[in-house]
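Enquirer: Listed below are the residues making up each chain.
Protein chains: 2
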Amino acid sequence: MESKNFSNHIELKNIKINDNFWNNYIELVRKEVIPYQYKALNDEIDGAEKSRCIDNFIKASKSVKNIREGKNVPVFPVDKWEYNDENSDEKSFKGWVFHDTDIYKWLEAVAYSLQNHYDEFLFNEAIKCIDLICSAQLDNGYLDTLYIINDRNKIFTDLRDKHELYCFGHLAEAAVAFYNATGNDKLLKATCKFADLICDIFNENGKRGYGGHEIAELALVKLYNATGKRKYLETAKFFINERGKKPYYFDLEKGYDRKDNSNDYFYNQAHTQPVNQKEAVGHAVRGVYLYSGMADVARAYNDDRLFNACKSIWDNIENKKLYITGGIGSTVDGEAFTFDYDLPNDLAYCETCASIGLMFFARRMAEIEPDSKYANVMERALYNTVLSGMAEDGKSFFYVNPLEVLPEACHKDSRKSHVKPVRQKWFGCACCPPNLARLISSIGEYCCTESNENIFIHLYIGSEIKSDKADIKIISDYTDSGKVAFDIKCKKDFTLALRISDTCKGFDISLPYTEKKGYAYIKINSDTLIDIQFDFPIRLIKCSNLVRENIGKVAVMKGPVVYCIEEADNGKNLQLLRLCENPDFRYDKPYIIAHGKRERVDTSLYSEYKSPEGEECEIKFIPYCKWGNRGENEMSVYIRI
Amino acid sequence: MESKNFSNHIELKNIKINDNFWNNYIELVRKEVIPYQYKALNDEIDGAEKSRCIDNFIKASKSVKNIREGKNVPVFPVDKWEYNDENSDEKSFKGWVFHDTDIYKWLEAVAYSLQNHYDEFLFNEAIKCIDLICSAQLDNGYLDTLYIINDRNKIFTDLRDKHELYCFGHLAEAAVAFYNATGNDKLLKATCKFADLICDIFNENGKRGYGGHEIAELALVKLYNATGKRKYLETAKFFINERGKKPYYFDLEKGYDRKDNSNDYFYNQAHTQPVNQKEAVGHAVRGVYLYSGMADVARAYNDDRLFNACKSIWDNIENKKLYITGGIGSTVDGEAFTFDYDLPNDLAYCETCASIGLMFFARRMAEIEPDSKYANVMERALYNTVLSGMAEDGKSFFYVNPLEVLPEACHKDSRKSHVKPVRQKWFGCACCPPNLARLISSIGEYCCTESNENIFIHLYIGSEIKSDKADIKIISDYTDSGKVAFDIKCKKDFTLALRISDTCKGFDISLPYTEKKGYAYIKINSDTLIDIQFDFPIRLIKCSNLVRENIGKVAVMKGPVVYCIEEADNGKNLQLLRLCENPDFRYDKPYIIAHGKRERVDTSLYSEYKSPEGEECEIKFIPYCKWGNRGENEMSVYIRI
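If you read the sequences in order, they're chains A and B.
In terms of my numbering, the first sequence opens at residue 1 and continues consecutively.
In terms of my numbering, the second sequence opens at residue 1001 and continues consecutively.
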């Protein structure tokens, strides 16, 4: 890896998004999602599953107070994954072991949102939350409400399943974001105190463990970048290095003495050391969080071996385990990656969070190695699976993003009960909505990065960027006409690197450029105007014929946007539709209309084969990210040709 | 229903199978399956899962002796479904709650086999088993080793899950078969004693329960037919009548007081009274066993309403829930029926036992109503899913019979872990192998039935039949050339009714006939020779286009035999093969060879659509029932066209 190529994202305070397509989403997050999620956190929404997150912090705060005062603090079990038994003590922890992260993710989203649009009320509410969080912290820095409420003596005794390091990771992300956004360092200081404790406990001479659900790795690097404290980086490296070593820490902490156990830890990406990993395996969200942390550590230590592992895993995802929508995770069992080319449409998991995590991984890889393949995938995930996660009104969410839905199957077939035919108001396991909120609010961090010599444009989102090299105004009609204009006020010589989208048929740039690994490089030494015109015709895309489900089928794309067919536009039994090889596409925003045939329904279960009869018809496609906004109905990305 | 149409199967002693196709299977069962299963029952097979069935009877026998002697008999828990905990007491019951049925099914198969081919050794071994079984019976007639060993006070307290009535059913089937085959009535007498106890306990004034796993219903009718004791029939009717009444017995026995609970009992077909049921639901084997008992009771009482329920359920199976192979049960979850037209190939359950049970149901329906649709399905199940259940050497078995197998998916995808790419030596839950053995050994019972006026030929299997109407010799080359010859020595006037297979394109009968509901009726009043020639061309069959998985695909059949493609003949990646619309079939027994195309592998995950390129190739088909005899490999019934 060549460190001269390394780039960093532009800080959010230096990039102001102003884009017809994105303003709406950012405003939705600010006006709907963040307030709604705050209500949800506080259990103020009727009919939604209970979060109890704030409640837990209040209870933990009381425990801390009582401990300080030397009072007797009760002990409750910490042996479960979810604590909702109605018979359990009202004073004990409630919800999932990772429920603390709800408030951290909310705070992180608020932080980003405040930078887009300052809001006094929101800031004050956030400060109240931070005060509450800090009041729940033990004097030694430890901060996890499950253990503080239920049993202080069991802290860090079940790293595999109890998510303390995962909660810490989200805390650190929130703390850094809030500090960067507001300059208020109360949460950051509290987080550093917790991080210091973690660094003291986990090291070569201490506990040699690591989290069952990764994120602490990338979070510690963020905290290092924010504070400059090198021990945070060292502990991130330590976690990655220890992971998967034999004998397995997860075995040791459970008291197992076993030989043949690596299969148990694929789920946690702990089957072997990360540096030896070549494929994406296990729980998809955990995977991409780990891979992001690996990329961070590889970069910080200029560790080629670790970076090669990242590249190998990346290639495995991109070339063999990625849905056309940028979704990952083919199975509900363990919310996990399966095997190469196993991409079922109707059984897909494709968790919204997994695609968000894939964007984290992609950005880090793009920052290390200027190759457009990373941002191509980032864009694919963003415009399809990530956006699909949220309803058009910002009030309901998909956790799972299948590529084919038959509502009857979701209701009657237990194998598909994870697939919801309409978005849900909230989730008991509410990871996706706040993850969406923080991603969309910080989208500027994904648009462009800068190195010593270059400014890289990865995503074409209208914005105003401030850098010491130049101020750049971008006017973008990217997803629609494919036109993007740059108005550059040059401050010093640099090279602008524009990603050439893998979804364009061609492109035209108004100035001379040199092309390398999917970026067009343009030397800038004075104020400059640049126009790019991407040619985004409507395209028929086929899947590798090793993906059994999609053989004989195609998907429709325009630029990075994947389209689908819905019952609302095309009637029931979408499988009866067939696209003509020359479908004579018509773009009628947001729809695409095409020529096809509809087979007549044949209810006879088995009969002599005849060439199917059908009538010509128009088939209407809608962007995948917009599906499911018109009530429960059938949907399919792939269609027969 | 018209009772003059009712027919009965020909008793096995009056039908001797002699058929090129079937002799081999019957001999396999006699020489391989029955002895192998006896070893398995006795846990004498290395590497196979343990049965412990005989062991349980020995323990129960000791309990009975101790009880008689007034000794203290220990109590163990009866709260589980499977009892294999290594820490549990060695004196307690081991295995599944229904493990007693292993020996009953074996005895039933032995009984049938002894009629085909008397074997002194086998008879003696059977007698030893019967002595053991009888020695384990309580003085009041009760006979179920789980409760006799573990806890006599809990008898009949968990009808939903503990399978005592299910075990009784298999006992009764074995007892009747053994008595019919040998005249030895020891087991029959013991069974009647148990049946008498059941009749005393379960009635309008007693317990108003019914078994969670049906079979007692049809078994009690068998026992009634064998003994003439009407109370057995009445109790069968009682079980069917009580089933699904509200409040639910299954709720009452668990002490539940609930309102919205019918969804819980679809699995057991106890959501509503059988007479009101219209669709096949729940656990498929339980379903077809219940439906068989319903048909028996409807017939015995000439109950039109109950028979109409049977017909409605039948039509639902035949027209909307039946795999082309005669398999039923689309999901592993609950081994169950799902919803109309939901027939996934690779996730299919299609338990061997379910297709055997479907044959039970079909035969009963055909005996009540002479309509060939019943025997058509019976034949489809027999020649495909049932035969597929057993390896060509009789030594390994399929429990699950999918229509598409990718071995990698079976190993790596937990959603398909129920699908085994090769047959297994034995199963801990060993229902299918002995069920296969008893079905094949008694195949004569399915071939033909007789009413007052008619002899119906349902299956064309070479045999010699003795009846008071005639002695009939059938020489059959049915599945191969489609030719069947009848040599009839007439004893009195009757009408021979020959089923016209739904899988023939045409047929030619050498004598005049009248056709009604799929049977050709021929009046016989003297010694007669009849030839039938069925025209069984190789056919392309399509599935309803409401079955999403099979749209654009076909299956290949010749007569009732469904063919499939295997990797052993066609290489990896069967999905790349496409059949020509005019495939120019060649029959090279047992193979069918056809013209098609093979697409080139395209490893690029997503790319611009082009009409697929491929080379012409020969595609080789093998009968579905013979698949998986050449090691682990891919298989598919459906192929693109």
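Simulated from the structure, these hints should not be mistaken for laboratory data.
Please read all numbers here as calculations on a predicted model, not as lab measurements.
C-beta: ideal position from N, C-alpha, C; glycine also.
Be a bit skeptical, because a hint or two may be false.
[Stated by the list, open to error] One side only, chain A facing chain B, incomplete, derived with CB under 10 Å:
#1 Arg152
#2 Lys154
#3 Ile155
#4 Lys231
#5 Glu234
#6 Lys320
#7 Lys321
#8 Asp342
#9 Glu408
#10 Asp413
#11 Val554
#12 Arg578
#13 Arg640
[Claimed, not checked] Residues from chain A that face chain B, not an exhaustive set, calculated with beta carbons under 10 Å:
#14 Leu343
#15 Leu347
#16 Ile500
#17 Cys504
#18 Lys505
#19 Ile541
#20 Ala568
#21 Val601
#22 Ser604
Enquirer: The structure should be examined with respect to each hint, and the outcome stated for every one.
Expert: These are the hints, each one checked on the structure:
| no. | hint | verdict |
| --- | --- | --- |
| 1 | Arg152 | violated, 33 Å |
| 2 | Lys154 | violated, 27 Å |
| 3 | Ile155 | violated, 32 Å |
| 4 | Lys231 | violated, 40 Å |
| 5 | Glu234 | violated, 37 Å |
| 6 | Lys320 | holds, 7 Å |
| 7 | Lys321 | holds, 9 Å |
| 8 | Asp342 | holds, 7 Å |
| 9 | Glu408 | holds, 6 Å |
| 10 | Asp413 | holds, 6 Å |
| 11 | Val554 | holds, 5 Å |
| 12 | Arg578 | holds, 8 Å |
| 13 | Arg640 | holds, 6 Å |
| 14 | Leu343 | holds, 9 Å |
| 15 | Leu347 | holds, 7 Å |
| 16 | Ile500 | violated, 16 Å |
| 17 | Cys504 | violated, 12 Å |
| 18 | Lys505 | holds, 9 Å |
| 19 | Ile541 | holds, 5 Å |
| 20 | Ala568 | violated, 19 Å |
| 21 | Val601 | holds, 7 Å |
| 22 | Ser604 | holds, 6 Å |
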